[in-house]
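Sequential numbering of the sequence shown, starting at 2, is according to my numbering.
FYI, nobody ran anything at the bench for these hints, they're computed from the structure. Honestly, I wouldn't trust all of these hints.
Unchecked claim - Below, a list of computed lysine to aspartate or glutamate pairs in the EDC-like style, where the Cα atoms sit at most 16 Å apart:
(1) K226 / E251
(2) K52 / E161
(3) K52 / D75
(4) K226 / D247
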Amino acid sequence: MVPGRGGEYRGLDTGVMEFADDFGHIVHLQPRAVERPRDAADIVRVLEHAKRERINVAARGRGHSVFGQCQVDDGIVLDMSGLAGIEVNGDTARVGAGVSWGDVLRATVPLGLAPPVLTDYVGLSVGGTLSVGGIGATSFRFGAQTDQVRAMTVVTGTGEIVECSATRERGLFDAVRAGLGQIGIVTRVDLPLIAVPEQVRHYRIPYPTIDELLSALERFVAERKFDQLSGVGVIDPDGHWTYHIDAVFEGVGEGLGKAGLDVAGVDITPASYLEYGTRLDAAIEQWRTAGLFDAPHPWLDVFVPGPALRGFARTVVRSLGPRDLGTDGAMILIYPIAESSTPLLPIQAGRGYLFDVLRCNVGASSERVDELLRDNRSLYEAAMQVGGTLYPISAVCMSTQDWQRHFGSQWGPLQRAKQQFDPHGIIGSNYRAPWPRS
2 MVPGRGGEYR GLDTGVMEFA DDFGHIVHLQ PRAVERPRDA ADIVRVLEHA
52 KRERINVAAR GRGHSVFGQC QVDDGIVLDM SGLAGIEVNG DTARVGAGVS
102 WGDVLRATVP LGLAPPVLTD YVGLSVGGTL SVGGIGATSF RFGAQTDQVR
152 AMTVVTGTGE IVECSATRER GLFDAVRAGL GQIGIVTRVD LPLIAVPEQV
202 RHYRIPYPTI DELLSALERF VAERKFDQLS GVGVIDPDGH WTYHIDAVFE
252 GVGEGLGKAG LDVAGVDITP ASYLEYGTRL DAAIEQWRTA GLFDAPHPWL
302 DVFVPGPALR GFARTVVRSL GPRDLGTDGA MILIYPIAES STPLLPIQAG
352 RGYLFDVLRC NVGASSERVD ELLRDNRSLY EAAMQVGGTL YPISAVCMST
402 QDWQRHFGSQ WGPLQRAKQQ FDPHGIIGSN YRAPWPRS
């Protein structure tokens with residue numbers, strides 16, 4: 002049994018199979034045990050036990066991964082939901098790593114504050130998105146969520162509880178942000194908060210073609226007249242694509258007239274800041290009811306340089322039919338991104354885009370999912386050919402060579418950080434990267 006004074010423990014005889022699954026429903030690795038820590042000290046004890054048993058430990062937030070990224074075979078999964086505290090002090094929120102971004106919003110918006118960058122779905126854990134980057138509709142203004150972190154508390158593989166930031170233990174800080182959960186277990190995060198209005202207006206602006214959507218998106222980014230921006234494409238059962246931009250003005254103002262747009266055909270929805278920020282909560286519940294949540298989700302997510310976006314988007318749209326993408330709960334999403342300062346986030350210098358292929362393949366057999374994974378690999382390679390890189394929330398099989406190419410000049414520093422902070426190779430999930438283990 003895992004030694005834990007305050008944490009909650011579950012072994013094979015008490016049910017751990019839900020932790021051998023995730024939102025993707027593709028990879029299923031059965032852990033030996035699940036521990037729900039309540040503080041960093043609980044995690045230290047789990048790591049000590051894992052070192053003796055020579056097994057791996059992986060942190061799991063809300064289980065929204067799509068390719069087993071928060072799973073571990075015959076190891077210990079840390080259910081981070083017990084690390085749920087939120088303290089707001091001025092323009093900083095100190096939050097537990099298991100807290101969802103929606104929880105943060107509900108605590109801060111009544112104070113007129115919110116984090117600068119939110120994922121569209123705020124049911125994700127803070128620790129989970131910071132392990133990969135965290136991209137949202139304000140990323141063209143503020144970059145990734147990892148760019149905005151002020152400080153972190155991390156339990157290293159050596160059992161130390163370390164406070165790190167840009168000015169303190171910088172090596173650990175840079176290795177943990179977007180470090181795929183392989184270097185340490187984040188337990189607490191200090192997030193900046195910015196002033197936000199009580200009300201926003203959401204504009205759904207339709208476009209007949211992907212080229213016209215991208216032209217408008219590029220113009221909106223340059224003009225900076227909207228506060229939030231993302232592009233969306235969906236396909237119907239007959240193979241017909243429709244496109245729109247989701248644009249948000251925060252507060253009140255001149256609206257579309259300010260952006261030089263005609264309101265004809267544009268859906269305009271006023272909402273409170275909190276209502277809009279949590280808008281997908283209801284959609285997720287509808288997906289659960291309709292069975293869409295339980296379908297395979299072999300997503301592909303890549304960063305694409307701005308000059309290559311149009312050609313890559315055309316390639317993707319041509320390659321996808323209704324059976325490839327799905328027609329319910331499936332879409333392509335495009336987020337413009339400012340240059341990132343996170344060393345491990347592979348966004349090229351200058352403005353780029355996150356291009357998401359969010360498949361939802363209801364009723365797909367395992368053989369069909371394998372075909373879609375091969376398609377993902379092909380599109381990933383197409384992105385690389387134009388200077389793109391993987392956003393590693395994706396369902397893409399990666400080799401050692403792929404990971405070395407992915408991290409580029411950061412591969413060496415990342416390996417050295419692993420040796421320094423987790424020399425026994427205890428911490429690590431199903432990313433299959435060749436981390437050293439003594």
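Hint check results:
1. Between the alpha carbons of K226 and E251 the distance comes to roughly 10 Å, so the proposed pair stays at or under 16 Å and holds.
2. Among the hinted pairs, K52 with E161 is consistent with the structure: their alpha-carbon atoms are about 14 Å apart, no more than 16 Å.
3. Distance hint between K52 and D75 is fulfilled; the C-alpha atoms sit about 14 Å from each other, no more than 16 Å.
4. Restraint check for K226 and D247: the C-alpha separation of about 13 Å stays at or below 16 Å, so the hint holds.
Violated hints for the displayed structure: none, as all numbered hints are satisfied.
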